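Residue numbers (our numbering), protein chains in the order written: chain A, 1 to 197; chain B, 198 to 394.
Every clue listed holds true.
Using 30 Å as the maximum straight-line C-alpha spacing, the simulated DSBU-like pairs for lysine-lysine come out as follows:
#, chain 1, residue 1, chain 2, residue 2
1, A, K13, A, K31
2, A, K13, B, K210
3, B, K210, A, K31
4, B, K228, A, K13
5, B, K210, B, K228
Simulated from the structure, these hints should not be mistaken for lab results. Note that this is a predicted model, so its numbers are computed, not measured.
Protein chains: 2
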Amino acid sequence: MNEIEQLIQLLAKLPGLGPRSARRAVLYLMKRRESVLTPLAQALTDAATAVRACSRCGNLDTADPCAICTDPRRDGTRLCVVEEVADLWAIERSGAFPGRYHVLGGNLSALDGVGPEELRIEPMIARIARERVTEVILALSATVEGQTTAHYLADRLAATGVAVTRLAQGVPMGGELDYLDEGTLSAALAARRPFSP
Amino acid sequence: MNEIEQLIQLLAKLPGLGPRSARRAVLYLMKRRESVLTPLAQALTDAATAVRACSRCGNLDTADPCAICTDPRRDGTRLCVVEEVADLWAIERSGAFPGRYHVLGGNLSALDGVGPEELRIEPMIARIARERVTEVILALSATVEGQTTAHYLADRLAATGVAVTRLAQGVPMGGELDYLDEGTLSAALAARRPFSP
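Please take these sequences and the hints and turn them into a complete structure.
Following this line, the structure appears as structure tokens:
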């Protein structure tokens, strides 16, 4: 197998790319050696050596603890618990959360054999005590696994006296009622709020 | 901008990937350092240094002339002319062509300012004489630009005495007549052949 085929096979493993788009990507890279191919090779090499999981929150960064954990402007009393680093990034893009994060590394799942010891739950409990957290926001998926994990965490946290909250459920921005599922509509209706224009 | 954001920006440039899928790809890579990230970084570095365009046909390979140009089992009297390396690869995957190739590097296009001197046409004419080619197969797109280029090449080759052919047009494999455009149906009907079960 030559260099080109090997490159295609590796690129085809990326989510969102298959063999066909990997071939197109390789031809694209070959036409843009200086502007994309060489910088991308370098960026991957850099990332492989420099980027690691933050030992405190689980975020990916070149520093450990990560930039969010060490930022003094962050409100350390509020801890947002997420499943994956992707969720942390999504909330950061919204710019709506000034506190810190804790990445669980997944959800509890009896089917997949993921128990509490597979997730970063004990480190979370230890952090909450050590860092004097007063509110834990469970920002977990609105799926069976996500809600199972949320209930488990709420139980574990009940004795600590910390406030446990979760994301609101309702109509997403731009959402058309006609296209929403019944569960979302029921939740949005049950959580209706006074109209303030 | 840190290493992760730079990597996302570079990956997002690849065809088939946007900012969103580039982020997913980076998280995927971070979880698979040993199995994918490091090999991919290495494969890109190798490709950047080792892979080049074949000076004879324009194919991408680590050797120059490329493996196809130097393969003695290939029939050097038949030359398949394609627009891009992607087309060459597509025909190679079919396994249906035992000859050699010539990559033009695009199509003639008055709109985009691509004239004959921008394409590898003169090297093609020189090759045909030098390599004693007897048949030139114009495997160009069935688009206005592709057919304009085909006509231009056929004119240029008329005086050389070499046989000039083009790919058949018709119903694609698995194609349902109901979904085919009128142009394809007209071409398929005009080029109908005796039925031999």
